[in-house]
Structure formats: structure tokens, C-alpha cells
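Protein chains in written order, with the numbering used here: chain B, 153 to 337; chain L, 153 to 337; chain A, 153 to 337; chain Y, 153 to 337; chain P, 153 to 337; chain G, 153 to 337.
Do not rely on the hints blindly, as some may be mistaken.
Treat identical chains as interchangeable: a pair holds within one or across any two.
Stated by the list, open to error - Pairs of lysine-lysine, BS3-like flavour, derived with a Cα cap of 27 Å:
hint, residue 1, residue 2
1, 268, 328
2, 328, 154
3, 268, 256
4, 334, 163
5, 209, 176
If you are wondering where the hints come from, they were derived from the structure by calculation, not from laboratory data. Source: prediction; values computed, not measured.
Protein chains: 6
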Amino acid sequence: MKTYFYDTELKYDGTQLHSHFAYKNFNLLGDSIIAFIGPCNVPTENMVDLEDVQNNKNIFSENMLHFIVEHFDHDLEKMIAYQRLLIDLIIQEMTESHEDLRLKRVGDDIYDDIYKVSVSIATSSPVSCLIHTGINVSSKNTPLPTKGLEDYGLNPHAVATGVMNRYRAEIDSMIKARAKVKACK
Amino acid sequence: MKTYFYDTELKYDGTQLHSHFAYKNFNLLGDSIIAFIGPCNVPTENMVDLEDVQNNKNIFSENMLHFIVEHFDHDLEKMIAYQRLLIDLIIQEMTESHEDLRLKRVGDDIYDDIYKVSVSIATSSPVSCLIHTGINVSSKNTPLPTKGLEDYGLNPHAVATGVMNRYRAEIDSMIKARAKVKACK
Amino acid sequence: MKTYFYDTELKYDGTQLHSHFAYKNFNLLGDSIIAFIGPCNVPTENMVDLEDVQNNKNIFSENMLHFIVEHFDHDLEKMIAYQRLLIDLIIQEMTESHEDLRLKRVGDDIYDDIYKVSVSIATSSPVSCLIHTGINVSSKNTPLPTKGLEDYGLNPHAVATGVMNRYRAEIDSMIKARAKVKACK
Amino acid sequence: MKTYFYDTELKYDGTQLHSHFAYKNFNLLGDSIIAFIGPCNVPTENMVDLEDVQNNKNIFSENMLHFIVEHFDHDLEKMIAYQRLLIDLIIQEMTESHEDLRLKRVGDDIYDDIYKVSVSIATSSPVSCLIHTGINVSSKNTPLPTKGLEDYGLNPHAVATGVMNRYRAEIDSMIKARAKVKACK
Amino acid sequence: MKTYFYDTELKYDGTQLHSHFAYKNFNLLGDSIIAFIGPCNVPTENMVDLEDVQNNKNIFSENMLHFIVEHFDHDLEKMIAYQRLLIDLIIQEMTESHEDLRLKRVGDDIYDDIYKVSVSIATSSPVSCLIHTGINVSSKNTPLPTKGLEDYGLNPHAVATGVMNRYRAEIDSMIKARAKVKACK
Amino acid sequence: MKTYFYDTELKYDGTQLHSHFAYKNFNLLGDSIIAFIGPCNVPTENMVDLEDVQNNKNIFSENMLHFIVEHFDHDLEKMIAYQRLLIDLIIQEMTESHEDLRLKRVGDDIYDDIYKVSVSIATSSPVSCLIHTGINVSSKNTPLPTKGLEDYGLNPHAVATGVMNRYRAEIDSMIKARAKVKACK
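Just chain B, with the same shape it has in the complex:
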């Protein structure tokens, strides 16, 4: 599991949710989680969440912290479980230093009371499975009530690094758990 923070603003428009994005752009070969910061605006033709397409949902944010995860594996069910663990790890990271912050995961979303903090999708490519998760940095001008890292005084770069380290550790720890257990009857 490789991790990488790309320290240049990059707009997320859905084309980043492609197989080998980390390899082609940052030369990371193999399973990876990468992060970058930038606006989010996904035109309908790039949306893979068909529920969003049907609801004409607008995926938009002036500034987000984006994560792209890729596992070279074909099991989308497992990837969706990993996606939700990633969301839980983001909440852990964000609340660790902010004891009074009450975030909760609902499916693959993060909410602070009625405020939406994130967007996320897990999908499969012909050679891998991928996750995109975007955490609002700014909460301005969003189509529905949101909160962002700026509202909490959280540094996006620090959150990115913390989350990527947690995710890598989680994956390692699950591989170990898989290998240390005896079957039952």
C-alpha cells in the first residue's frame, strides 16, 4: 500500500477515478492511496453513482481534500467495505485532536449534524477497484448545507497524511489478521 500527497492544486472532475491514475501521474505501482487538494465539479457524464445521475445531483465544492484509493483486485463488495472503513478512519483522524467534534458516518457519507462533510464512491475498473472520497475544505456555495475542514480549523495536508497512514496501517493489520487465525468447524 503506497501513499502519496500531491502538493499541487488539482481539480477533481471524475476523470481521476480511472485505473492506474496513481501510476500514470505519480509513478506509484501497485495498491495505493493518494491525496490532493482542489475544487470538485463532476459533470453528469463522468458520474458513476447512478443514483446521483437519476437525482440530477450536483457534485460540487469550491475546495476539497481528495483521496483516490486503488486496489488491484476485482471484488467490489470488499472494496465497498474498505471504503466505509476509510470513512471511519477519516472521522477518527478529524476528531482525534477535536474532542468536541461530533461526526458520524451514514453509509459512505460523513455528517456533522445536518451538515454534509464529504462525498464518496467506490467502483471497479477493468483491472482494479477504486475509491474516491472528497472532504470539504471550504463549505461555501455548496448546493446543500455543508461543513469543511476550514470550519473546524483543521489543516488539509495534515489530515491527508494522517488518513493515508491510518489506511495503510489498517490494510496491513487486516492482512495480518487474515494470516494469524485458525479455521473453525
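Put chains L, A, Y, P and G on the given structure of chain B with help from the hints.
The following block gives chains L, A, Y, P and G in isolation, referenced to the frame of chain B:
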């Protein structure tokens, strides 16, 4: 996903972590999560966590809330991800009504500061994968510092029901997420 | 397993054999079997059976009862077994009230003596596996000798409902069979 | 897919439903369907259908035509679909020469009106999946109303050969169907 | 496993690495290994090895012996293992009659000292996995130091036939090995 | 992929071919290849190769270099391919410094002319797949004509280390190959 609370004290000694436990005992056919309350004492020959065996760890509690989950599927990697989501859901349930309670998941364990709140293992049987998770009700006479539901004034039966509902909803929501997403390139 | 009869004429031209067809058109999320009635005319560029393409086979019928099945699973081998079970269930449904009707399944086709009654294909999409099966309603002007529901005095809507109920029950019953069996040595 | 008819009476007591039964006894290496004739009496400790165990069902027949199928594959879901196709093929074989015989498949059982004609189970071993299907030859002294091949004047050996040929052809034809189809979108 | 030598010059430009190539062109239905002889020139847009794309590698040879393998299976990891076994079988075939020839496999390449003898890639299509391996016949005008069958006085047609027979025998022998082994604890 | 040479004589009697052997004995958690030196004598009840059992084959050697490989994965077909690659790597290692040594792989065996150099088996456990390969050190008193490392003046410890490094590098290189390739059509 069937759910069932068995309202009679039952001691967990590791033999409950067997395929078809819910079917044979409670006539639940298919994927299920069940709960019961009782002491926990797993003799070494019933332990499936080989790390615990190697460390001569003693799995003991005077009283615990136990969950047994069974999925008729062979993917232990996915089951370990589900196990960790279950732990997160238990934390959600326990902290929902106790805003000041600071629990954190470390791998498949729940900690309150230095106090261990739970034990858990995920394994595979010849026909399925299973999870056992035990949450301390009592924290007395445990081999290491622990906290339990009694220390927090939480009702075990209520927690059991809340967790089982959350787990069933999570599984349903992941099945839906799997079915509503388009592949990417 | 969701079932749906779309009560408006719809021409099958092969573009219906696409992932999420039931979700996009009828808002059925998840595994489903749907039915509709209409002509069948699949241009070569939409054919997925390469044997038909090589043989320049013409997939045409003036009027057919169509079924589209989608399972969000990647195992095309299993889907082909399900397809053949579906064909057997269609025969069961058609012959239940017509004791003298002698239909037989040959591979994934239904024959009445030398008359072809159906066309069918099972394939995989990037996120699922799909089946199309078309049963002739009319047997007029077909490229080879055929029989259709009209020849047997069978009501297409009633057959559709009967088949969909049988298929859903079959899938449910297989899930139960999977969960109630002990492994052998 | 190898086929073999063992032309010596053999009692089925459940121990034949073991991996490598055909290899150890008849030197058939690989996927196989074999048949033999003999009484059926499965003691509870050899039963793998836990529903039968729970219902104290008695699996008994004075004389049956037995099939044992083994595929060296781990997918029990697919094996259950194959089992039901096998049942359909047995019905095809039995009714081909007896046009007036009305048999129907209900799950994995064959019924002639209220008379049970067969027993069947599909399960998994540590290296393979297996099916046992027994067709009554005799219908005498069975615990519930049954019919057998003798009642229909059908020759067990001829039925055995016919069914095994049909099963091998079905498997071959499904492998070809898998290989000749293009993916859809 | 079908084998076929196409005895007409054919240029390999990457478009041959498509699902059903053997079926569409040579009517081989199912798993196959085919061979043909001709130049090799793969334009960047047809390259599937992204490392080659990133390095602007030029895949070129005046004349090569080409193998295309297709297995109707989705496991690319297993296909890569088969690819490397194929390379070992090519070396076995080439050195059997040339005792002094010292070829070695490095990953999926064949080297004779510093001279590159082959190119190879394994990939997945929507319905199968595929391998292309090209062995230089000529070593003239290649972008880096190479050796070819002509340099060793080896007949390409004979090598093709020998390799295809070895590959088919290897696959058969692995299927048998899979079926004759008991599980361990 | 962890590697370990156990530098104490250990007799191989088949009980080492058990899941978690490397973890329980050498504390290697996860996928591993280990080596040790010692006699080989596998009683029939410990044999997993049923062909050997049927042929009353005697698996015996006064002294062998043993490898045990474990991958926490359920695909025995892939493991058999890995086993044969391991055999090829052993041949590479043994012949690298002995240019005149002509070893060849036949299935999962190594032969030097008519002399058998190795034994090997790949199997599955309830949680993993495993390989045992034994290379004769001594060729004395074997039930059939053999050659061993002593006959070639090869140091068993050096061969062990070389082979384990090659196997780890091969697995790493296959993981990279899996991640750098684009799907084809």
C-alpha cells in the same frame, strides 16, 4: 441478514464460533447476527487466534454481551473488513447516547483510553465465515484493565438490539451501493 | 430478487442487454428479473453471441415475451447455469396448464419438436451478469420454423408473471440450500 | 467430465459423499459423474442436510439408482445450480420415452403428483463440491409416499447411462457458451 | 486447450491481443494457444504494458514467432503465473536440441547473456485473460541487442509446435494435480 | 513474502505441510517460504498425493533440502502454477553455477536424465495453500534411481538461500506485472 437476541444467559467458551450455530440453536437459516449475554472463558484448545495462543493470552470476562455473525461466503479478507465495520457500529451505538464517551477502534479492539472494552475474532468455517465480538458488561476481575457497559450505565439488551439493527442496515446499504454504481475505465 | 412486468410494448434490439437496464428504466435497484412484450430484431452490431455473428444468424420475431435478468456478480459460468434453470422454469410454467404440450430444453433453447420457441443469451457486463430470453408470442414470418405462445393459447402476461415468480423462488431456495448444508470430508 | 456406471450393488450410507470417491474407487481422476444401484440408508451422523437432521428425517429406500457428481471447484452456489440442472436432466431422461409421465422438479426433489421420486443434496468438501442424487428404483416400505423406476417400467441402468451422458453434454455445452459470448456494456 | 499454427505471415500490431481472436479468426472455441510468424510493431496506442508506454519503449522486430494464449477465466494473477511457465516451456523447447544454448528467464523475458530473445505481456479482457509472447526469429535492426531463432538455427514452425504441445500438456497436468490431492489441516 | 532458513536438522514426515507451520515454529506471520535440511519419510497416513497412496509409493530420502511455502489464499490452481515456477527457480539456482548440469522439470518433478532429484506436492488447508518441495541432498538408499545436491557438489544452505530469494523476487515481480497492465478489449 437475520437478527436475533437470545434472552437467556449463555457462557461463551469458543464452541459457539461454529458454522450453523444460529441455525442449529435458533433456527435462523442464512446470513445472521445474533446476540446473547453471559460470561466468557475460552480454553486454549478452542482459541482460533494463534497470536493469543502463542502469547498464552487468557480470554476471560465475568459477563459480556456477545455477538456471533455468520455469512455464507468464503472470503475471509472481506469478513475481516466487515468485522471492523461491526466494531465501528458498536462504538456508534455506545456513544450515540453518551456524547462524552471517547471510544476508539484499534484494529478489531475497542479501547477507552487504556481500558480494553472488547474482544473479537473473524475466522472461516468449511461453509461460511464467522465473527465473534464480546463487549464487557462487567469489568471486574479481568486479566488486564477493562471497562464494561455497566461502567457506562448502558443496557446490554438495548445495545445488542441497536448494534444488530445497525449491522443489518449496513449490509443492506452495501448491497445497494454495489448495485447502483457504474464501472469506470 | 426483484420482479417487474413492464406493461408497454418495447422492441428488443440488444441494447436492453446492458447493466442497470432495470434500474435506469424501472428504478429496480439490485438483482432483478423483468419482463416486457414486443418485437425482436437485433442488428449484428448488438449481438453478443459470436456464434450467431459468424453464422450471420438473424435474431428476429414479430412479437416476443422478453425477460432480462441481472445479478450483480461476476461469475458468468454460474450465470449460464442460472440461464438454463430459467429455461426449465419457463417450460414448467408453459406446460403446467397444458399437459399435452411437449417442450424440451436443448442447451439454452426451447423446442417443440422441430419448432424453435425461444432465443437466449447470458453474458457479463463490467459490474454484473445478464440474461436475455425471448419467447415467441407470434410465430409468423420467422427465419426458421417456430411456435409461439399464441399457437398454444397462452397469455404472455400470465406466463411472464408465473416465470418471474418461479425464478425468484428458485433463487431464494438455492440461497437457503447453500446455508443449510454441512460440508463433507 | 468422466462418467462411470459401477455395475455391482452398493449401499449408499452417506460415506460415498466424500471427495475423491470416484478416484479412490474407480480411478476416475478429475470432474466426474458416476452411478450405481443399491439400498439407501443414511444414519443421522452422516447426514449433511441440517434441515433433515433437525426434522429427524429418515433417508431410506430399499433400492435406488445413485449418482455422485464431483467438480474440483469451490463454488457451492454454482454447484447447487448444477444440481438442479441434473434433476431437470433426470426428468428429461425419464419422460423422453414415457410421454404420459408427469414429473416435476420442486427445488432439488422430483415429484410425481404427491409421490416423492428422489432425494438429493449438494455440498462442499475441502477440495471440491459434490452432489448425491438418489432415484427410487423400488417404492416399497419408504417412510413417505414414493414412486420408483420399477413403477414406471424404467430400466435403472439405461436411465443411469442416459442421465450421465446428458450431464456431460450439458457441462460441455455450458463451457462452450461461456467461451463464445462477448461482454456487454 | 486447443492448439493451432496459422501458416501464413501475419504482422503483430497489438490488435491480436483481443478476446476471441482465435475464435473469430481460426474458429477455435474455448481455451487455446495459437502461433503464427510475422513482423512485430506495436504502436503506443495498442500497448497494454504501461511501463513500456511510460518508457516510450519501441516494441519492434522484423520477424517473430508469436503465441497468443486465451483462458476464459478472470484471474489475471494466475494468468501471469501461466505466462511465466509458458516462457519456461519455450526455453525447454529451444534448449532441448541445443544443449549448449544458455537461455534464462528474467520475469517474463528470455535472455541469452545480454541479448533479449522475446517480448511478452499478460492481460485481461472483459471475458478472459490473454498472453502474447513473441520470440525473435530475426535479430536484425532491433532497438536493443537481441538474438533470434535464426541465430540458433532453430526452425520457427517446429518450435511453435513443440511449445504449443508442451503448454497443452502442462495445463492438463496441472488440472490433474489439482484433482488428485487431498487437503491438509 | 517472508523467507527463513531453519539451521537445525528436521525430519520431514508430512506433518510440516500444515497451515501456520512457519508461524507456529518460526514466528513468520503471513505468506512465507522456509527451508530446512533433514531426512524425509512420509508415512501413508500423512500423504496428500492420492496417486502416491494408490501406487503405494514410498516417499523416502536419507537427507533432503526441504521448502515449505504458504500463501494465505484459496486458489489451489494458482498454487500449482506457483509450485511449478518454484521448481523452475530451483533448476535455475542449481544450474547457474553448474553450466554442464542438465536438469529438467517434468510436471512438478526435477529429473537429471533418468535420476529423480526432487519430490513435491501443492495442497490447500482450511485457511491457505501450501507447497512442499524436497531436493535430495543424499542419493543413497532411495527406492528409485536418484541424484542429490551432494552428487553435484552443491551446498544445500546456499541453494536454499538462493531459491528463497528467487521465489520472493518472482512473487514481487508478478504482483508488479499485475498492476502495470491495462486491460484489452
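Hints and how they fare:
For the homomeric pair residue 268 and residue 328, the shortest alpha-carbon distance between copies (20 Å) is at most 27 Å, but the shortest distance inside one copy (34 Å) is not. In this assembly of identical chains, the alpha carbons of residue 328 and residue 154 lie at most 27 Å apart whether taken from the same copy (17 Å) or from different copies (13 Å). Both within a single protomer and between protomers do residue 268 and residue 256 lie at most 27 Å apart by alpha-carbon distance, with minima of 10 Å and 23 Å respectively. In this assembly of identical chains, the alpha carbons of residue 334 and residue 163 lie at most 27 Å apart only when taken from different copies (22 Å versus 46 Å within one copy).
Taking identical chains as interchangeable, the C-alpha atoms of residue 209 and residue 176 lie at most 27 Å apart only when they sit on different chains, with a minimum of 15 Å there against 30 Å within one chain.
Taken one by one, the earlier hints all hold for this structure without exception.
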